[in-house]
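Protein chains in written order, with the working numbering: chain H, 1 to 253; chain U, 1 to 485; chain C, 1 to 444.
For the record, the hints were derived by calculation from the structure and aren't laboratory data. Values in this document were obtained by computation on a predicted structure and should not be read as measured data. Where a beta carbon is used, it is the ideal one built from N, C-alpha and C, also for glycine. Any given hint could be a false lead.
Stated by the list, open to error - Covered stretches of chain U (chain H as the covering partner; in silico rule of three or more C-beta atoms under 8 Å from a C-beta of chain H):
#1 437–445
#2 451–460
To be verified - Below 20 Å or equal to it, Euclidean Cα-Cα: the simulated SDA-like pairs (lysine to any residue) are:
#3 C:Lys200 to C:Glu285
#4 C:Lys346 to H:Lys65
#5 C:Lys337 to U:Glu422
#6 U:Lys429 to C:Lys52
#7 U:Lys384 to C:Ser361
#8 C:Lys346 to U:Gln434
#9 U:Lys429 to C:Pro314
#10 U:Lys458 to H:Gly13
#11 U:Lys74 to C:Arg57
#12 U:Lys77 to C:Lys52
#13 U:Lys356 to C:Ser361
Claimed, not checked - Some, not all, of what chain H presents toward chain U, calculated at C-beta under 7 Å:
#14 Ala48
#15 His50
#16 Pro72
#17 Glu73
#18 Arg77
#19 Gly79
#20 Leu82
#21 Ile90
#22 Pro91
#23 Gly92
#24 Ile93
#25 Ala102
#26 Glu105
#27 Ile106
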Amino acid sequence: MITIKNLHAKVEGKEILKGVNLQVNAGEIHAIMGPNGSGKSTLANVLAGHEGYEVTAGEVIFEGKDLIDMPPEDRAREGLFLAFQYPVEIPGITNTVFLQTAINEIRKYRGLPELGAKEFLDLMREKSKILNIDSSLISRSVNVGFSGGEKKKNEIFQLLMIDPKLAILDETDSGLDIDALKIVAKGINVFHNDKNAVIVVTHYQRLLDYIVPDFVHVLYDGKIIKSGDKNLALQLEKEGYDQLIKEAAEIEA
Amino acid sequence: MAEEYKSDDMKVVEDLTSSEYKWGFVTDIEEIKFPKGLNEDIIKKLSEVKNEPGWMTEWRLKAYRHWLKMEEPKWPKVKYDEVDFQDIIYYSAPKKKPQYESLDEVDPQLLETFEKLGIPLEEQKLLAGVAVDAVFDSVSVATTFKETLAEKGIIFCSMSEAIQNHPDLVKKYLGSVVPYTDNFYAALNSAVFSDGSFVYIPKGVRCPMELSTYFRINAMNTGQFERTLIVADEGSYVSYLEGCTAPMRDENQLHAAVVELIALDNAEIKYSTVQNWYPGDKEGKGGIYNFVTKRGLCKTNAKISWTQVETGSAVTWKYPSCILQGDNSIGEFYSVAVTNNFQQADTGTKMIHIGKNTRSTIVSKGISAGRSDNSYRGLVKISKNAENARNFSQCDSMLLSDTCGAHTFPYIEVENKSAVVEHEATTSKVNEEQIFYLNQRGISTEDAVNMIVNGFCKEVFKELPMEFAVEAQKLLAISLEGSVG
Amino acid sequence: MANSNKPNIKDKYIKDFELFESKLNGQSKSYLHSLRKTAIEKFKSAEFPTLKDEEWRYTNVKPILQSEFIPAANAGEITPSAGEAEKHLYTGFDYYKLVFVNGIFQPALSDIDGITGNAIVSNLGSLKEPELQKLKTHMESIGDSDNAFNILNKAFSVDGAVIFLPDNFILDKPVQILYLTGNEKSEILSSPRNLIVAGKNSQAKIIINYQPLFDVKYFTNVVTDVFTDENAIIDFYKIQNESEKAFHIDKIDITQKGKSVVSNFSLSFGGALVRNDINVLLDDEYIENHLYGLYLATGTQHVDNHTFIDHAKPNCESNELYKGILDEKARGIFSGKILVRKDAQKTNAFQSNKSVLLSDSATVDAKPQLEIYADDVKCSHGATVGQLDMTAYFYILSRGIPADLAKSMLIRAFANDVIEPIKIAALKEQLNHQILQHLHSKDF
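The following block holds chain H by itself, in its conformation from the complex (with noise of 0.2 Å):
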């Protein structure tokens, strides 16, 4: 589904990606995890296209296609879907046309017929109650006024109505407590099946308890510098960083 091959990125000036490589396949979910500032954002960002950071060498394929030069309306419409760390406000626009107009961009794109009122409405019915969102919480402004935890399950909303091929989760286990959690994880388990994938981009071990990685990739310094399967997770959270970036400075030295 995405190749991704020795990526370099730069935010302002500085190099914070230095030489990510990664395979992820349809039906596949993969966590990446790491200490703060290892380039883990950074990462789902720059797969999302946010023009802020640079590119500088490597290259992105997702589904047979170059990611680097396509603008970031066009990777979602072509199936990638970032669920950001902090959902951005938009006043005055209300869930509903905002998602209406969202997935009717991607439809057009793929030569879809858009949908109408009334499939769209049902849909969002249908997808709300996984989520047990409230009917009015979809009638108000995108993410105004919401506390973290409503905006981090809007995120999961929005990717089950978009139905994305690929789904990039930024840090969307931060700042929710528990019964938030498993109602997020149950949502992502809804979402996914054998023809999509997920990147899980995680600090903690927790989210791993409620939706299970087939591999785990501990990201560092900009590198990947180990993966396995949920057990180095699980070891992680044991060990902590450590001891595993230590053995990583010795491969290198």
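Once you've looked at the hints, dock chains U and C against the given chain H.
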């Protein structure tokens, strides 16, 4: 969305009436054209041609004599070539003959805009000056509307007709809120106004329809010096909409209108404007100068609400105001002003609190793009005896380019200690994080900006009658086309 | 548009200048006098502001123009005792002291012992040629912001405080500049011309304290220029305590260079008619500017505050907070303009003006303005007019505190945002006390 609650049949009816009313407004003078320039003889002749009574002629002359002593205001933050008042033709008979035989002859760019705005075909023809089917120009439907209004005793006619048929009302209220001494352009308008609308709502009557439906087309030929007078008698209500979302081209560069509203005890007037006069081309050539005086007077418990969406004109100079004379009266001003390319707008409001327990609300949203300049200028005055007056003002500006300007000039004058006045203003650019978020959901930058701008203006749009709110949104998108990214 | 003030007041001041010049002897060829001569020439074609001038629409200067003030240089000198001067100083902390009477420096009453190095803490009238050379570039101009009053100051400016800080110089104590004004025999025009030049990395705290020598009518007409070079940090406290019969017109021009920080306090207590203009030019990047203002007015006092912040370069921040408390028949005005020029991207500019009216006859006018030509900026202003917090008032009363004390407490609380940032603790305390004392109306 407008279509959802308004059946197509309704629309046809409206179109029919509008078209009828347009012709109804036209007086019987044909092909009269005055020489250029302005003097007492011209005014006398103008009054004579319109068959006006002596008191009207006298009033015009007084206004003219006063105007001669006045100077053009220089304080608005706008620059424009000086107007040569002797180079203007102050009267020409309204054009009766259509310009074109079919839509094929009309400027395709104009038609494209009509299309984007979703204006019905027959209406497009009228707006573009194309000959309309004879059936369309029928009398019967209009009569039904006239009858509905007449049953309730509502008077809605052209100012010329009102001077002929309702001289007492006109005499009593014309110039009572905006005297001819008020300012340079109000004086000029008083001397030479060509036509306009007159509305009288009798005591306790709630006008059963938006008076907008007529006006949409009527606005076409009211000329450059328009005069509107609306009187809502005790306990009555009226909602009035002027202007049109369709781009209005006009050979007259200067437009100096005067609008006076009188809301007597317990009455309410809602006045909405969509202004889309020709703004000039991308290089700033041409375009209308729109210098307007609008003011309303509120008696006890009365309410006047101004809502405006200003996207047109090369230069706009306009401050719809409320004099809150009666106790417990309420004034509101909701405005969206968009400037692009080389447009200049200096607009805002005055809220003059005189009565006790008076309230006013100001919500102004300015959007500047291109090389334009957009200023909010407003006055909130709490007079000495205005106990417990309250005002809240919110003035936000959004900048879409680094070559435009956004300015806020509020004046606050308080002479009573029980007043609470709050003014807030912010200026910011369109937030890049918001655009990225929308991009990431598959929405293009152009659409993202439109969404953000519409969200920014929502508080004002919700004050507009529904169908115009929808059109106003589309209008905003068209006005800002190509201004970002 | 000739002003028909009987007899033409401009002619009077021009004649006064001729008289002043005739008594100068040798000094008439001096550099300082050449500046004054340029100013009087300019004054001849200048017009005093009227209500028709947008920037003066709320302040009528007729009372000033109808009086015939005698320029201090033409009037007899008076020298108060050290004890008399002492009464007017803020105390309880160490400071250098510059004392002026009717705008003329009093060496005997001043104390600048301990100023070291190349720093200058002195007065305009006694500057020597090499010192003048250092300061010349900051002294010559009559700028666009000069109105007829400012030009009049420059024509009659024989003296004023001068502070020059060389690069890296940190002044160890604050400087307190005391202006004592008034003469029992004649109505005096005092024309202080202050100049503060702070070199790179220099720091100083400066207090300028305007006080009456006699409780009579006089006119203080001040111009103060402040220049801060890169990384300089200047705290400037202007405290206006003039006689309630006096007129006070003051213009402060502040020009800042990169990364410098200026905190300017403008505190107005006295005066019959007061006008404070503060113009700030942020002429480089990463500058910080803070303007704090407090105006307490009662009786028939008229206090007009004008501020103008010119964001000329990117990445600067300005913060402005002005608060007014108006009692009896007083009138308070705040007009603040923020200009963000085209190149000044990433500007943060915030302005807030709050005032309370304590009496039925007090009035307040506010005109906060934003004029913005750059798009990547965050600017806001807010203005509110209201009364003291009545809920808090009843809360205090309910704890057994008498009404007038409760009211004073609330006034102090209201003024607190402006007073709190003052860095000299003893000064802060005395100002707080002064605020409590200043207003004494019973009804509100």
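Cross-check of the supplied hints:
1. 437–445: holds (count 9)
2. 451–460: As far as the region 451–460 of chain U goes, the hint holds, because 8 residues have Cβ atoms under 8 Å from chain H.
3. C:Lys200 to C:Glu285: 15 Å, holds
4. C:Lys346 to H:Lys65: Status violated; Cα separation ~37 Å.
5. C:Lys337 to U:Glu422: 18 Å, holds
6. U:Lys429 to C:Lys52: 35 Å, violated
7. U:Lys384 to C:Ser361: Judged against 20 Å, a Cα distance of about 8 Å means the pair holds.
8. C:Lys346 to U:Gln434: 18 Å, holds
9. U:Lys429 to C:Pro314: Cα-Cα ~15 Å, so holds.
10. U:Lys458 to H:Gly13: Roughly 39 Å between the alpha carbons, so the hint for Lys458 (chain U) and Gly13 (chain H) is violated.
11. U:Lys74 to C:Arg57: Roughly 15 Å between the alpha carbons, so the hint for Lys74 (chain U) and Arg57 (chain C) holds.
12. U:Lys77 to C:Lys52: OK: Lys77 (chain U) and Lys52 (chain C) at ~17 Å, within 20 Å.
13. U:Lys356 to C:Ser361: Since the Cα atoms of Lys356 (chain U) and Ser361 (chain C) sit roughly 16 Å apart, the hinted pair holds (cutoff 20 Å).
14. Ala48: Ala48 (chain H) check passes; min Cβ-Cβ to chain U is 5 Å, inside 7 Å.
15. His50: Cβ of His50 (chain H) sits 6 Å from chain U, so the hint holds.
16. Pro72: 4 Å, holds
17. Glu73: 4 Å, holds
18. Arg77: 5 Å, holds
19. Gly79: 10 Å, violated
20. Leu82: Hint holds; Leu82 (chain H) Cβ to chain U Cβ min 5 Å, cut 7 Å.
21. Ile90: 6 Å, holds
22. Pro91: It holds, given that the least Cβ distance between Pro91 (chain H) and chain U is near 5 Å, below 7 Å.
23. Gly92: Holds. Min distance 3 Å.
24. Ile93: The hint holds - Ile93 (chain H) has a Cβ within 7 Å of chain U, the shortest such distance being about 4 Å.
25. Ala102: 4 Å, holds
26. Glu105: 5 Å, holds
27. Ile106: 4 Å, holds
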